[in-house]
Amino acid sequence: MSDNQDNPLSKAAKGPSNAETAALAAAGAKSFNDALNLHKQALLESLQDDDMAAAADHIHQINQARDETLYCEVGRLTRALHNALRDFHLEIGLHGNSEVKHELLEMADARSRLNYVIAMTEDAANKTMDSVDEAAPMVQALVAESEAMHKDWQTFQEQSRESGASSTALFDRVEQFLQRISSDGHSIHTRLTDILMAQGYQDLSGQVIKRVIELVSDVEQSLVRLVKLASNVEEVAGIKPAAGEHKAEKDEKQRIRAEGPQINQQDNQDVVSGQDDVDDLLSSLGF
Amino acid sequence: MKILIVDDFSTMRRIIKNLLRDLGFTNTAEADDGSSALPMLENGQFDFLITDWNMPGMTGIDLLKACRSSEKLKTLPILMVTAEAKRDQIIAAAQAGVNGYVVKPFTAAALQEKIEKIFERIDASR
Chain A
1 MSDNQDNPLS KAAKGPSNAE TAALAAAGAK SFNDALNLHK QALLESLQDD DMAAAADHIH
61 QINQARDETL YCEVGRLTRA LHNALRDFHL EIGLHGNSEV KHELLEMADA RSRLNYVIAM
121 TEDAANKTMD SVDEAAPMVQ ALVAESEAMH KDWQTFQEQS RESGASSTAL FDRVEQFLQR
181 ISSDGHSIHT RLTDILMAQG YQDLSGQVIK RVIELVSDVE QSLVRLVKLA SNVEEVAGIK
241 PAAGEHKAEK DEKQRIRAEG PQINQQDNQD VVSGQDDVDD LLSSLGF
Chain B
1 MKILIVDDFS TMRRIIKNLL RDLGFTNTAE ADDGSSALPM LENGQFDFLI TDWNMPGMTG
61 IDLLKACRSS EKLKTLPILM VTAEAKRDQI IAAAQAGVNG YVVKPFTAAA LQEKIEKIFE
121 RIDASR
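Chains as they are written, first to last, in the UniProt record's numbering: chain A, 1 to 287; chain B, 1 to 126.
Careful: at least some of the hints might be erroneous.
To be verified - Below, a list of computed lysine to aspartate or glutamate pairs in the DMTMM-like style, where the Cα atoms sit at most 25 Å apart: (1) B:2 - A:130; (2) B:17 - A:134; (3) B:117 - A:279; (4) A:210 - B:32; (5) A:127 - B:33; (6) B:86 - A:279; (7) B:17 - A:123; (8) A:210 - B:88; (9) B:74 - B:42; (10) B:65 - A:280; (11) B:117 - A:276; (12) B:86 - A:277; (13) B:65 - B:88; (14) B:74 - B:32; (15) A:40 - A:57; (16) B:117 - A:194; (17) A:210 - B:30; (18) A:40 - A:67; (19) B:117 - A:280; (20) B:86 - A:276; (21) A:151 - A:184; (22) B:86 - B:33; (23) B:117 - A:277; (24) B:17 - A:276; (25) B:65 - A:270; (26) B:2 - B:123; (27) B:2 - B:116; (28) A:151 - A:172; (29) A:210 - B:62; (30) B:72 - B:32; (31) A:151 - A:162; (32) B:2 - B:30; (33) B:86 - A:270; (34) B:74 - B:47.
For the record, the hints were derived by calculation from the structure and aren't laboratory data.
Let's have the full structure, built from the sequences with the hints guiding it.
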């Protein structure tokens with residue numbers, strides 16, 4: 001596996017608990033094979049001898065060995081997933097600074113973690129827009145002032161030339177500079193608007209994250225149920241459960257009926273491909 | 001010209017507000033969903049509504065329908081600015097009586113064009 005090393009999830013998945021689980025899984029498969037081999041010959045012999053009771057007993061034992069292996073596998077898999085989620089929470093905390101670590105420990109689950117992402121991006125978008133808000137009027141004032149000054153300057157230039165002054169080089173430089181403030185000022189303002197528009201990512205990514213929050217909550221709840229189920233199965237199968245706490249189940253959240261941003265627009269015929277498509281659709285409806 | 005901007009994301013409300021300011025519309029108010037927007041519309045003198053669709057509480061499509069069934073707001077110009085991009089959804093909004101529909105992400109020029117078109121049509125019908 002060549003997973004990205006920086007990804008905390010892949011690190012957690014590669015931890016020792018997972019290697020241990022893999023080894024145990026191999027052992028489980030081996031013990032089933034052993035049981036199969038052990039009873040295979042005996043089963044054949046009892047069938048040849050027409051001893052149906054003994055044959056049924058052997059089949060039952062093979063079944064039981066298979067069931068035990070399966071239960072063990074479900075239990076181990078669930079526990080590995082549970083550990084991976086728990087380690088994921090811990091690992092991020094350990095690599096962060098103490099302030100971030102404290103903040104992350106406060107977060108009980110992935111849901112609040114993703115809400116944290118929304119809050120962070122909103123904060124960053126607002127800071128960016130604060131700067132745009134401060135810069136835009138400055139640029140506009142510079143442009144307005146340079147345009148006003150440009151008019152006066154042209155008048156002054158003509159008067160000076162008539163009176164025979166000879167600083168033409170300086171006149172040209174100031175002339176060009178005033179023109180440049182005006183044209184660059186307009187393009188700076190256009191770019192500030194672009195920066196402003198780009199902050200729309202916060203809304204769109206936020207909507208997607210909110211939907212992932214729902215999904216993660218559902219997965220976590222299912223996982224908790226599976227862990228509980230597996231611990232029951234483990235008791236039956238005689239496996240000692242590891243010490244660990246089960247998360248309390250959270251309240252069912254309200255479903256949002258709207259769908260949010262479309263992620264794979266190209267693959268979906270029901271989805272418009274852009275504003276032009278929206279306009280075409282609306283004009284076909286008589287707009 | 002008094003304009004109400006409705007979106008649950010404050011980032012988007014701010015973007016739209018700034019774009020409107022560049023277009024010369026400085027008299028704006030904000031709401032974060034339909035249920036807080038509706039009383040503002042009923043009690044205030046708004047000339048134009050820009051709303052998102054996907055919001056907790058009352059959605060934009062429900063706000064649109066509520067406006068169209070209100071005596072006071074049935075002719076209020078309404079522009080939807082939303083990430084909802086399914087054909088069925090756009091048709092539903094059109095049938096509910098929306099005046100314009102802009103899909104996110106959008107450009108400043110697209111928003112300006114739609115707003116101008118809506119006002120042209122209103123002026124022409126007067």
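Comparing the hints with the structure gives:
{"no.": "1", "hint": "B:2 - A:130", "in the structure": "holds (24 Å)"}
{"no.": "2", "hint": "B:17 - A:134", "in the structure": "holds (15 Å)"}
{"no.": "3", "hint": "B:117 - A:279", "in the structure": "holds (12 Å)"}
{"no.": "4", "hint": "A:210 - B:32", "in the structure": "holds (16 Å)"}
{"no.": "5", "hint": "A:127 - B:33", "in the structure": "holds (24 Å)"}
{"no.": "6", "hint": "B:86 - A:279", "in the structure": "holds (13 Å)"}
{"no.": "7", "hint": "B:17 - A:123", "in the structure": "holds (18 Å)"}
{"no.": "8", "hint": "A:210 - B:88", "in the structure": "holds (23 Å)"}
{"no.": "9", "hint": "B:74 - B:42", "in the structure": "holds (11 Å)"}
{"no.": "10", "hint": "B:65 - A:280", "in the structure": "holds (23 Å)"}
{"no.": "11", "hint": "B:117 - A:276", "in the structure": "holds (15 Å)"}
{"no.": "12", "hint": "B:86 - A:277", "in the structure": "holds (11 Å)"}
{"no.": "13", "hint": "B:65 - B:88", "in the structure": "holds (16 Å)"}
{"no.": "14", "hint": "B:74 - B:32", "in the structure": "holds (21 Å)"}
{"no.": "15", "hint": "A:40 - A:57", "in the structure": "holds (12 Å)"}
{"no.": "16", "hint": "B:117 - A:194", "in the structure": "holds (22 Å)"}
{"no.": "17", "hint": "A:210 - B:30", "in the structure": "holds (22 Å)"}
{"no.": "18", "hint": "A:40 - A:67", "in the structure": "holds (17 Å)"}
{"no.": "19", "hint": "B:117 - A:280", "in the structure": "holds (15 Å)"}
{"no.": "20", "hint": "B:86 - A:276", "in the structure": "holds (14 Å)"}
{"no.": "21", "hint": "A:151 - A:184", "in the structure": "holds (18 Å)"}
{"no.": "22", "hint": "B:86 - B:33", "in the structure": "holds (21 Å)"}
{"no.": "23", "hint": "B:117 - A:277", "in the structure": "holds (17 Å)"}
{"no.": "24", "hint": "B:17 - A:276", "in the structure": "holds (24 Å)"}
{"no.": "25", "hint": "B:65 - A:270", "in the structure": "holds (23 Å)"}
{"no.": "26", "hint": "B:2 - B:123", "in the structure": "holds (16 Å)"}
{"no.": "27", "hint": "B:2 - B:116", "in the structure": "holds (15 Å)"}
{"no.": "28", "hint": "A:151 - A:172", "in the structure": "holds (14 Å)"}
{"no.": "29", "hint": "A:210 - B:62", "in the structure": "holds (21 Å)"}
{"no.": "30", "hint": "B:72 - B:32", "in the structure": "holds (21 Å)"}
{"no.": "31", "hint": "A:151 - A:162", "in the structure": "holds (17 Å)"}
{"no.": "32", "hint": "B:2 - B:30", "in the structure": "holds (11 Å)"}
{"no.": "33", "hint": "B:86 - A:270", "in the structure": "holds (5 Å)"}
{"no.": "34", "hint": "B:74 - B:47", "in the structure": "holds (12 Å)"}
Taken one by one, the earlier hints all hold for this structure without exception.
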